[in-house]
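Peer 1: Residue numbers (this note's numbering), protein chains in the order written: chain A, 23 to 277; chain B, 4 to 82.
By construction, these hints were calculated from the structure, which means they are not laboratory data. Think of the CB as a built atom: it goes at the ideal place given N, C-alpha and C, for glycine as much as any other residue. Do not rely on the hints blindly, as some may be mistaken.
Claimed, not checked - Listed below are the simulated DSS-like cross-link pairs for lysine-lysine, each with C-alpha atoms no more than 27 Å apart in a straight line:
(1) A:K125 to A:K205
(2) A:K86 to A:K72
(3) B:K23 to A:K207
(4) B:K25 to B:K65
(5) A:K205 to B:K23
(6) A:K157 to A:K236
(7) A:K72 to A:K58
(8) B:K25 to A:K86
(9) A:K125 to B:K25
(10) A:K125 to A:K58
(11) A:K157 to B:K23
(12) B:K65 to B:K23
(13) A:K86 to A:K157
(14) A:K157 to A:K205
(15) A:K58 to A:K74
(16) A:K86 to A:K74
(17) B:K25 to A:K236
(18) A:K125 to A:K72
What the hints assert, rightly or not - Far from chain A by the CB rule (all over 12 Å, computed), these chain B residues:
(19) A5
(20) E49
(21) D61
(22) T68
(23) S80
Here's the letter readout for the chains.
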Amino acid sequence: MADVNRRIQVDLSGQVALVTGASRGIGKAIAIALGKSGAVVACLARNEEKLKETAAEITAAGGKASIHACDVTNSEAAQAAVDAVVEQHGRLDVVVNNAGITKDTLLPIMSDDDWDQVIAANLRSVFLFSRAAAKVMMRQRSGRIINMSSVSGLVGNPGQSNYSASKAGIIGFTQTVARELAKRKITVNAICPGFIATDMAEALGPAIIDEVKKRIPIQRIGEAHEIADAVLYLASDSASYITGQVITVDGGMTA
Amino acid sequence: MASIMERVTDIVSEQLGVDKDKITAETSFVNDLGADSLDTVELVMELEEEFDINIPDDAAEKIQTVGQAVAFIEQNSRS
């Protein structure tokens with residue numbers, strides 16, 4: 023496992039970051055990593071109690087965080103959350119559109135709700151937060167939008183037609199918005215995590231997890247911090263010339 | 004309080020990086036100042052904020068010059 027001292031260190035002090043789906047899993051790891059890097063982190067999710075835990079970890083590590091419980095699929099709520107963050111912290115430098123859900127099932131028995139809820143949580147939320155953030159970042163003449171896609175947005179995965187569609191949609195959205203906003207020094211990129219140790223992955227059960235491991239050349243499941251480190255890189259000045267791109271962090275699964 | 008023309012001129016000058024003395028009522032955003040579609044969207048956003056008005060897309064499309072922007076704001080301004 024990676025030595026913490028050899029991992030990427032970036033200085034984001036003076037910057038304000040917003041992370042959706044920050045209550046657990048990859049989003050929580052991202053929020054904490056950004057907080058430890060000096061950014062003030064606005065943590066968003068529905069579950070306020072869980073958000074408090076994320077914020078507490080950031081504060082315990084000497085960082086600053088605020089929490090904003092909201093339904094990320096709701097247009098007014100998304101705009102209000104971004105307004106509140108800008109009001110509270112004065113600016114918005116990094117937005118990580120991470121919130122996502124799965125409702126896996128095979129196509130013939132997929133309900134309308136299975137489809138609509140996954141597209142709303144995973145794709146509509148990216149649109150809502152990117153739109154609200156773009157207005158702030160255009161005025162600032164700077165910003166980083168980092169969208170969490172998935173290897174399921176790159177290759178097919180039976181049982182995930184809704185999830186795959188949402189994650190592939192994020193890639194198309196990322197590329198177009200990157201072109202639209204590049205002139206204002208706003209970069210927009212996507213990260214495609216592979217199989218990462220989170221509640222979402224664990225819900226699949228040990229049998230499926232073992233099966234998945236066989237398809238990973240690096241022969242292990244990824245850790246949430248390995249995604250967070252990619253976010254730190256994209257948020258840093260080192261990534262200033264990267265936009266509209268997809269970084270896949272999957273242990274070679276899609277190689 | 005500065006006039007609407009002065010306030011619009013300030014915003015246009017700031018957004019498009021042109022000298023204020025080069026901006027008249029006849030100045031066209033696209034033809035004279037080289038505004039592209041993103042510049043135009045941003046100008047509309049800034050004018051909406053400055054004057055606390057809503058400029059619908061179809062109205063925004065008809066606003067080609069600084070004078071037309073001022074006229075629209077005069078007709079629709081609440082402030």
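Peer 1: Look at each hint and say if it fits the structure.
Peer 2: Each hint tested on the structure:
{"no.": "1", "hint": "A:K125 to A:K205", "verdict": "violated, 38 Å"}
{"no.": "2", "hint": "A:K86 to A:K72", "verdict": "holds, 16 Å"}
{"no.": "3", "hint": "B:K23 to A:K207", "verdict": "holds, 25 Å"}
{"no.": "4", "hint": "B:K25 to B:K65", "verdict": "holds, 22 Å"}
{"no.": "5", "hint": "A:K205 to B:K23", "verdict": "holds, 23 Å"}
{"no.": "6", "hint": "A:K157 to A:K236", "verdict": "violated, 44 Å"}
{"no.": "7", "hint": "A:K72 to A:K58", "verdict": "holds, 19 Å"}
{"no.": "8", "hint": "B:K25 to A:K86", "verdict": "violated, 46 Å"}
{"no.": "9", "hint": "A:K125 to B:K25", "verdict": "violated, 58 Å"}
{"no.": "10", "hint": "A:K125 to A:K58", "verdict": "violated, 33 Å"}
{"no.": "11", "hint": "A:K157 to B:K23", "verdict": "holds, 25 Å"}
{"no.": "12", "hint": "B:K65 to B:K23", "verdict": "holds, 23 Å"}
{"no.": "13", "hint": "A:K86 to A:K157", "verdict": "holds, 24 Å"}
{"no.": "14", "hint": "A:K157 to A:K205", "verdict": "holds, 13 Å"}
{"no.": "15", "hint": "A:K58 to A:K74", "verdict": "holds, 16 Å"}
{"no.": "16", "hint": "A:K86 to A:K74", "verdict": "holds, 12 Å"}
{"no.": "17", "hint": "B:K25 to A:K236", "verdict": "violated, 67 Å"}
{"no.": "18", "hint": "A:K125 to A:K72", "verdict": "holds, 21 Å"}
{"no.": "19", "hint": "A5", "verdict": "holds, 20 Å"}
{"no.": "20", "hint": "E49", "verdict": "violated, 8 Å"}
{"no.": "21", "hint": "D61", "verdict": "holds, 20 Å"}
{"no.": "22", "hint": "T68", "verdict": "holds, 23 Å"}
{"no.": "23", "hint": "S80", "verdict": "holds, 21 Å"}
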